[in-house]
Amino acid sequence: MRHLRLVRNTTTIDFMRYTRVWLVISALGVLGSIGLVLTRGLNLGVDFRGGTLIMAATPEPEDISTFRASLTGLDFGEVNVTEVSDDSGEGRHLVLMRLGIEESDTESQNAVIERIRAELGVAFPGIEFLQVDSVGSKVSGELVRAGALAVLLSFVGIMIYVWLRFEWQFALGSVLSLIHDAIVTIGLFSLLQLEFNLTIVAAVLTVIGYSINDTVVVFDRMRENLRKFKKMPLRDVLNLSLNETLSRTVMTSMTTLLALLSIYFFGGPVVSGFALAMILGGVICGTYSSIYVAGATVLWLGVKRDWSKTDTPKGTQFGGAQV
Amino acid sequence: MLNFPLWKRLLVIVVCLIGFAVALPNLFYARVERANDARLAMEGGATGTPELVADAARWPSFLPSGLINLGLDLRGGAHVLVEVQLADVQADRMESLWPELRDTLRDLRDQVGTVRRLDGPPGELRVRIGEPGGMSAALGAVEDVSQPVFALTGAATRDFIARGDGDTLIVSLSEPEIAAMNERAMQQSLEIIRRRVDETGTREPSIQRQGSDRILIQVPGIGSAEELLAIIGQTARLSFHPVVSRSSDASAQPGLDEVIYPSVDEPGAFYVLERRPVVTGDQLVDSQPSFDQNGQPAVNFRFNPQGGSAFGRYTADNIGSPFAIVLDEEVISAPVIQSHIAGGSGIITGNFTPEEATRLAILLRAGALPAEITVLEQRTIGPELGQDSIEAGRFSALVALAAVAVFIVLSYGLFGLFACVALLVNMLLVIALMTGIGATLTMPGIAGVVLTIGMAVDSNVLIFERIREELRTARGPARAIQLGFEKAFTSILDANVTTLIVAIILYFLGSGPVRGFAVTLALGIACTVFTAYFVTQIIVAGWFDWRRPKTVTV
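These protein sequences, in sequence, are chains A and B.
Position one of the first sequence corresponds to residue 1 (my numbering), numbered consecutively onward.
Position one of the second sequence corresponds to residue 1001 (my numbering), numbered consecutively onward.
Rather than coming from a laboratory, the hints here were simulated on the basis of the structure.
Idealized CB from N, CA, C, for every residue including glycine.
It cannot be assumed that every hint is accurate.
[Said to hold, decoys possible] Below, a list of computed lysine to any residue pairs in the SDA-like style, where the Cα atoms sit at most 25 Å apart: (1) A:Lys228 - A:Leu164; (2) A:Lys231 - B:Arg1009; (3) A:Lys230 - B:Leu1483.
[Claimed, not checked] Derived, one-sided and incomplete: chain A residues facing chain B with beta-carbon distance under 10 Å: (4) Ser70; (5) Ser154; (6) Ser174; (7) Gln193.
[Claimed, not checked] Calculated from the model, a selection of chain A residues having no Cβ within reach of chain B, i.e. all distances over 10 Å: (8) Thr72; (9) Leu192; (10) Met254.
Please model the complete structure; the sequences and the hints are all you need to start from.
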């Protein structure tokens, strides 16, 4: 039986040919993303902005403007009402309402929700409240800080690990590629104005996890080839390693992409944003940055070529390996 | 080559079988849940009605019956994060110190002169004394009214500390006292909230302390967070009433100025009490579990001076008659007064176990919430949404599994099939581990499992790609396969350790559903390394020994 081959057995693509161009493009991507976040901002969910989100279902299709009218009548300030498609196939009509935070007094937040329930219950008989989230400004600020801290700490943790296992050039290359992926993912959320909430922070961290996974596999091969071909120019060693791992890179990207597409299309509204962030940031950016940011950085910084002192490949001692 | 020692093969197979057995009940979730509920009800003393027996028989008792906890977002329910206003407790404490301190200072009028209270920040008591020269006497007076506290460091200090500033005496709480008060207030709040939520009878509520002053309450199955807040917000009232009579008739008409309350411990028993309490919980200052003179578990309690004298007068006049301890309109206990209880302290005896005595002591201290709580976060997830999420999650997992399996078999043929077996084992192990450690499955957690499906294959891909490469250079298929596994292992380990770092950070910094995601991601990584390396290798080795192929195509 002939097997499906997405990549030929031996490829000789010169990945490291236009490294400067790719580094400039990557830098532009990062700067552009930062610019987007600064100018357009992020569509922050209630987790980070504070406020109340209500998802309700009505048995009959209702006009959004009727909703807006009955909520505006209650005088809570800004109310944002949108219709959501319901893919559960139960013929419900979903409406998403967002209210800004009125004041720091959380007691009134609770009162607001009760009034909305009462008001909408009268205006739309048979209405069901599927989800009500209300986050005070105190917590939302903390969630922002915890999210940012998580991303920073994971950079530090990964940098230390890669530094211990490889060389500092690799550590720097991998962290640069991770910063690239994280910022570009956030930039894409700003560009598409998709809701940015706690789940998306988890997604950004998973992007980091996936991207470092990809980068480390390439680095591992680079280290092996650097030991094997002591005289070969660094550029050729990197190209050889990238070509040797290309088949694996494509296969893994494909299987992960298949799983993520399944979550995106069938997983429901809670996690579709997560899947999208992973597809764009992890599979696409992560794979790209392993080669063109991490690889290019290592080429640019150069590596110590004399590995003789530490020439004990740890991988063959798998009998004693701990998992 | 590939000659695994027999014990290693057996060990891997045993681990897989245990994993399968532990994961099995989750495939029949609803059925096992009903059976477990029925068994629990019967163990709890419910009579075995035919329905209960039938429900219990839905799942054989010799099989494992542990289930994955479903998170609120999958089960539906309410999530509330509240903050206890501990500063209020400190302010109250300083307020209650003032009358006592004023009286003490007045007794020293000839030394300190006139005494006048000044405005000060909450938690601080500022008093102006007429004679600044009498400051040392005033400081001594504070020393007299304060009590010793024992700090964790072992150094003994007083609960109040005072300093003089010109003619102003400034009294504040000492650090160890504030720490102890905060701890007590948090314990009381937790206990009261737990008690009130338990009364709703919902299954598996989770009430956790978070940080120094927060409480996270998660109650599955409750209609809304507003409802939950209303339940928590009720004030519990503790009071001591004279007992008029005991009855088993709930509809008995209490007389004028009398009330009828049910008993907590004796089902079907009711007490008719005088409406006017002898003392109320506001006057209780302390209660602790202890033992009576017969060595039976009991509860010690102490009133403040006012409460103490009222209680002393009442007990002196009513030796031999019972009085009732009432909490939230229920009689906790109705002991008989044995003797005149002077000095404001007494002991409650009954048929307590040591645990019950401890609980009663906490409840007595509990009474009303010690401080106001403010709501920081409230979330409601309707049960329909939870059910939808479970179905969407299950469907997307199946689609992902099928798509990845087809792709991997097309790419690697027979070896792809081996990888699929390893993938299935991986999924079962993740589910088994989650069940075993009592982790909670959330919607992002399901996404984590589905993502694991995609990424778990990566380890197998690394191995197979490596075998392909080795086949081109190595001598013979056996050597190629062995080298493939060996050389791929460093990559697999390095790649997964870095992802594990991310998962650990997510766990410690994340909250709620994100934590659930971190757990599944971390378990997924551990199982991936295990299955890709050991399970795949054992399958490949078994196949190789069996067929002894001259050539291998991966």
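Taking the hints in turn, this is what the structure says about them:
1. With a C-alpha separation of about 21 Å, the suggested pair A:Lys228 and A:Leu164 falls inside the 25 Å cut-off, and the hint holds.
2. Straight-line distance between C-alpha atoms of A:Lys231 and B:Arg1009 comes to about 43 Å, which puts the hinted pair past the 25 Å bound.
3. With a C-alpha separation of about 22 Å, the suggested pair A:Lys230 and B:Leu1483 falls inside the 25 Å cut-off, and the hint holds.
4. Taken as an interface hint, A:Ser70 does not check out: its beta carbon lies about 19 Å from the nearest beta carbon of chain B, beyond 10 Å.
5. Interface restraint check: A:Ser154 against chain B, minimum CB-CB distance 5 Å, threshold 10 Å, status holds.
6. Interface restraint check: A:Ser174 against chain B, minimum CB-CB distance 8 Å, threshold 10 Å, status holds.
7. Interface hint at A:Gln193: violated, since its Cβ lies 22 Å from the closest Cβ of chain B, which is beyond the 10 Å cut-off.
8. No Cβ of chain B approaches the Cβ of A:Thr72 within 10 Å, the least distance being about 22 Å, so the stated non-interface status holds.
9. Every CB of chain B lies more than 10 Å from the CB of A:Leu192, the least distance being 19 Å, so the non-interface label holds.
10. Chain B draws A:Met254 into its interface by the beta-carbon criterion, the shortest separation being 6 Å against a cut-off of 10 Å.
Hint violations for this structure: numbers 2, 4, 7 and 10, all remaining hints satisfied.
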